[in-house]
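Participant: Construct all of the structure, not just a fragment, from the sequences and the given hints.
Below, each chain spelled out in residue letters.
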Amino acid sequence: MAIKGKAKLRGEKVQVKLLIKHAMETGLRIDAETGNKIPAYHVTEVVGSWEGQEVFRSNLGPAVSKNPYLSFQLKGPSVGDTISFASIDNKGIQDSGAAVVK
Amino acid sequence: MNLLNQSRRILLKSFGFCLSLPLLSEKLFASWPEEAFMSTEIDKAIGELYGHPPQASDLVKLKVPDIAENGAVVPISVSTDIENVDSISIYVEGNPNPLAATFELSPYIVAAVSTRIKMGKTSNVVAAVYSGGTVYTATQEVKVTIGGCGG
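Chains as they are written, first to last, in the working numbering: chain V, 251 to 352; chain D, 97 to 247.
These aren't lab readings, by the way, just hints derived from the structure by calculation. Values in this document were obtained by computation on a predicted structure and should not be read as measured data. Please note: incorrect hints may appear among the correct ones.
[Stated by the list, open to error] Dumping the calculated DSS-like pairs for lysine-lysine here, alpha-carbon to alpha-carbon at most 25 angstroms: (1) Lys217/D - Lys159/D; (2) Lys287/V - Lys217/D; (3) Lys263/V - Lys157/D; (4) Lys263/V - Lys239/D; (5) Lys352/V - Lys254/V; (6) Lys159/D - Lys256/V; (7) Lys258/V - Lys159/D; (8) Lys157/D - Lys267/V; (9) Lys267/V - Lys352/V; (10) Lys316/V - Lys159/D; (11) Lys316/V - Lys239/D; (12) Lys159/D - Lys325/V; (13) Lys325/V - Lys157/D; (14) Lys316/V - Lys271/V; (15) Lys140/D - Lys159/D; (16) Lys316/V - Lys256/V; (17) Lys157/D - Lys258/V; (18) Lys287/V - Lys316/V; (19) Lys316/V - Lys217/D; (20) Lys267/V - Lys159/D.
Facilitator: Structure below.
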């Protein structure tokens, strides 16, 4: 478990891409062996920070694909700056990662 | 004395625990809008999130494939030229709970986000942009050849 991130300076904007490893169960799928529903298990919140300041926040539902991919653009950071990420799922399990602007 | 000291320790520990737990987790993660995610209609979900009814707008640019071969992974991009955007959210009309994701923007963010979503069947996809008390939306139909909710 770790959030993989990439941040690349393009002109004046930094393109940030991140990938969170997570099953993202919808809670609607039925286990073929037992016939029971597989409980929902998904990332709920993702936060991106730059220099200790929160710059991006996303709320995810179970309809986001397995291993969620998110991308956004930042104004301000320069090459060498670190963008850090943190996430939490509906079981309260947290994950984190970081990317250095290239 | 020993007993007194011990109970004081326990008291201090439990107090410290209670204090640190909400500080650690709730500060960073506390705002998942459950009502909006559980809503079964797009308009209700938008109302829960923003408290305003949506209005269609050309200023919201929604990029999704016309045909998605695999409904489990549908790439989607939303961008807009509207200034001072507070939030962007994505809805799939045909899903049991339409709201897929929300993005809360800051002044450092350019109003352009991308992600990948699941679609159970062919339906409309709606992108909503919230700025200055108004909800602007764009809608596009995506045909799904293989559903995203199967095994």
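Participant: Within 25 angstroms, alpha carbon to alpha carbon, are Lys316/V and Lys159/D?
Facilitator: holds (20 angstroms)
Participant: Take a quick look at whether Lys263/V and Lys157/D sit within 25 angstroms of each other, Cα to Cα.
Facilitator: Holds, at roughly 19 angstroms.
Participant: Mind checking the alpha carbons of Lys287/V and Lys217/D for me, to see if they're no more than 25 angstroms apart?
Facilitator: holds (20 angstroms)
Participant: Taken at face value, is the distance from the CA of Lys267/V to the CA of Lys157/D at most 25 angstroms?
Facilitator: Distance ~20 angstroms between Lys157/D and Lys267/V Cα, so the pair holds.
Participant: Between the alpha carbons of Lys157/D and Lys258/V, is the straight-line distance 25 angstroms or under?
Facilitator: This hinted pair holds, its Cα atoms lying about 23 angstroms apart.
Participant: Between the alpha carbons of Lys316/V and Lys256/V, is the straight-line distance 25 angstroms or under?
Facilitator: holds (19 angstroms)
Participant: Lys217/D and Lys159/D: Cα distance at most 25 angstroms?
Facilitator: Holds, at roughly 18 angstroms.
Participant: What's the verdict on Lys267/V and Lys159/D, does the C-alpha distance respect the 25 angstroms limit or exceed it?
Facilitator: holds (17 angstroms)
Participant: Hinted pair, alpha-carbon criterion (25 angstroms max): Lys263/V, Lys239/D. Please report holds or violated.
Facilitator: violated (33 angstroms)
Participant: Are Lys316/V and Lys239/D close enough, with their CA atoms no more than 25 angstroms apart?
Facilitator: holds (20 angstroms)
Participant: Between the alpha carbons of Lys267/V and Lys352/V, is the straight-line distance 25 angstroms or under?
Facilitator: holds (12 angstroms)
Participant: Taking 25 angstroms as the top limit, are the C-alpha atoms of Lys159/D and Lys256/V close enough?
Facilitator: Answer holds: Lys159/D to Lys256/V is near 22 angstroms, not above 25 angstroms.
Hint violations for this structure: number 4 only, all remaining hints satisfied.
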